[in-house]
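Mind docking chains B and C with the ligands on chain A? Use the hints.
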Amino acid sequence: MPVPIAKLAQVKRKGVVPGNPACMGCPHTLGLKILGKVLGDRAVLVVPAGCTSIIAGVYPRAGINMPVLHVPFASAGAVASGIAAAYDMIGRDGVVVVWSGDGGAADIGFATLSGAAIRNENILVIVSDNEAYMNTGIQASGTTSWRARTTTTPIYGKTEEKKDLALLMLLHRVPYVATASVGYPTDFAEKLENAAAIRGFRFIHLLSPCPPGWRFDADKTAHVAKLAVETGAWILWEYINGRFRISPMSRPYADPRRRKPIEEYLRLQGRFSHVKPEDVEFIKRRIEENWRLVKELEAFYRG
Amino acid sequence: MEPRTVTKVLVGNHAVAEAIRLARVQVVAAYPITPQTVIVERIAEMVESGELKAKYIRVESEHSALAAVYGAAAAGARAFTATSSHGLLYMYEMLWWLAQSHLPLVLALVTRAIGPPWNIHTDHQDLLTVRDAPWIIAMAENVQEAFDLTLQGFKISEDKRVLLPFMVGLDGFVLSHTAEPVSMPTQETVDAWLPPREPEPWVLEPGKPFAVGNVGPDEVTMELRWLLWRAVERARTVIREVDREYEKIAGRSYGGLVERYRLSDAKYVVVTMGAWSGDAKEAVDRLRDEGVPVGLLRIRFVRPFPKEEVLEVAAGSRAILVVDRAVSMGNAGVLGIEISSVVRGRIPVKNVIAGLGGTDTGYEDFEDMIRRFVEEYESGRTDKWLEPEWYMPWFKR
Amino acid sequence: MGEDLLREALEENKLFVEKLLAKPQPGSAGPTGTWRTYRPVVNEGKCIKCGLCWLYCPEEAIEWSPGGLPKIDYRFCKGCGVCVQECPVKAIDFVYEGE
Ligand code: SF4
Ligand code: SF4
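So the protein lines, in turn, are chains A, B and C.
Numbered per my numbering, the first sequence spans residues 39 to 341.
Numbered per my numbering, the second sequence spans residues 489 to 885.
Numbered per my numbering, the third sequence spans residues 32 to 130.
Okay, chain A solo, but in the shape it has when bound (with noise of 0.2 Å):
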């Protein structure tokens, strides 16, 4: 069941602290508050370079009301495994988070994430995907979409397609692994409290659509992160020790007639707007092709 609003409104203390030099719009600080609103108290917060590097707040003062350990690119999923290591034989509790973006998790930190996932340690690692490496300005990553424009796909878009990491990790047999959407806060909040629970590696794939990044206005974040959901385009899974569920915000949609048209998700982003009609079949069928495979994981791992 998602974390009802009023539950989340219990929680006084902010993991987001207002004035933070955060984006307008930002879907991190959108995902980082629902951190903080479940796991405020608990975690410690591991974070490569990235948005977040920013977003934490400019000295002397801190943006993020969390514990929060900036550490290289490449090394984020190592040092969490250190800090988990660490607390196992101090005999200290917290959960310790990787908050990682896409290219800390799956370009340059890939192997440090898999590294620690095969390991099964004891941490939480949640990437907010906003598709890019924006806080570089802009550049495609290994999770930017097929044809979206970035400033290293300028002309054409992005040749190559996106890189499933939940999947990834999921065959790195570890027993939680899931995604979310910041269009879904209390979705992602309930996600946290299942993960929370569990010992061992656990995995968060949170798709966190970018305003400067994507090319929308500031305002429509969590719209089209929902979007991203109502068309198809974004699956919300969670698989728990040897059971995957579609989850409820996504379940509609296994059935292509409920979806909303992929147009109305594309058009709305900038980096999108030189796709022709036979892009945006292709877009199709590759959405259909991923509903297919994720309804047949949920028949194969029924718990």
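Simulated from the structure, these hints should not be mistaken for laboratory data.
Please read all numbers here as calculations on a predicted model, not as lab measurements.
Please note: incorrect hints may appear among the correct ones.
[To be verified] In silico contact screen, one side only, chain A against chain C (beta carbon under 7 Å); selected entries: (1) Lys71; (2) Gly95; (3) Pro223.
All residues carry an ideal CB built from backbone N, CA and C; glycine is no exception.
The following block gives chains B and C with the ligands in isolation, referenced to the frame of chain A:
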């Protein structure tokens, strides 16, 4: 009171592992690389058998090895890692991040040449790439000293006047795979001398929100560097103090940042570092027998650099010969540069680069180098000492 | 001399920690309310007190308790408009700051 010790015959790598056991290290993360591998294999065995109560993290790379022990140190644990050559280079980013966070831990570096070509034998190039970062960097001459420095490393590193990472170097194969008798203080003695780590200077814990290393004014970066500089400087005092204290628990001390060998009346000084110092000492003995007034200054600590010690030696002698096992391309041998920067032309300094890639360099070679160094000085041919000499007697172009 | 060195070290370690560690404090990027071009204004008559604006505000610039009206902290509200967009009954007006 007599020190209570146990003596075992151990290869260098096992001696380091024994020091880790006695220091009750809590988190170890490492990636195997020849010739370091045996250290971490032995530690893994200690952890699995329960001889050492610690977490052993089998990371997927050296970058992650140092990243993991960085996390452990930031969380307040006593941590250790070990590597060699390319492993150290792969760690390079983390070497800086860790040290500039002002956190203590120990890293054992089993020195090895950097490729290409692949070469698993010793030289000091890897160790000396770290000299610009705020690490305390030591180099052992023998297996006993590798053990002693590893144990002392925690004491020095965790001292509130230092709180910086500590690197102990030991020559690949020459020490790492060579068995020697090693005298070790008992666990009780070590426990009394080395209490559990205190989580200084800062510690990451849930419920205590702060951000470590936020962007900020440029001046703050410079101020932090200065504070690190001060801590490295203070380490001189701590190293000397720990070296003296160690006498009480282990029955040995080495003389602080350097070892002085037959220096009191020496007019010519040879400077070396690491295992081949033993061969160099033998050459000194032989030349002494012939009446040549030569002595040896062995660099035990590269950082902080033994400036006073070098100056003191320079004040009483005619010329210095630095025999280097690492080179700074386009300038000179690394120790040659270091020594010259302290001596500043007070007396002439000759620099010889030798033994790279583990090239065998015996006492006869040192004898040859020293003999020619003295001759050149006495016949006034020091002008060509501006350039280092590459010692390759076998080499024909 | 040993004690002097320790005293100096403790002072300098403290200084180092003060300079490396940043403390949570509002306005870590300054008074971000100045970024606004448009100001979100809650129309209290229309508001059904659902809390969705509070849930979605990426800045945590809205105070809200269940059953109550949302209150926007204009010192830090960046004027992104997410709350305006997400309000299910269009109870938040987006007013040009110049007016
Ligand atoms: S405009 Fe943006 S920052 Fe301001 S209250 Fe609304 S959602 Fe929050
Ligand atoms: S979203 Fe709209 S209706 Fe709901 S509390 Fe906010 S202003 Fe009121």
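Unsatisfied constraints (hint numbers, rising): Hint check: nothing fails, all pass.
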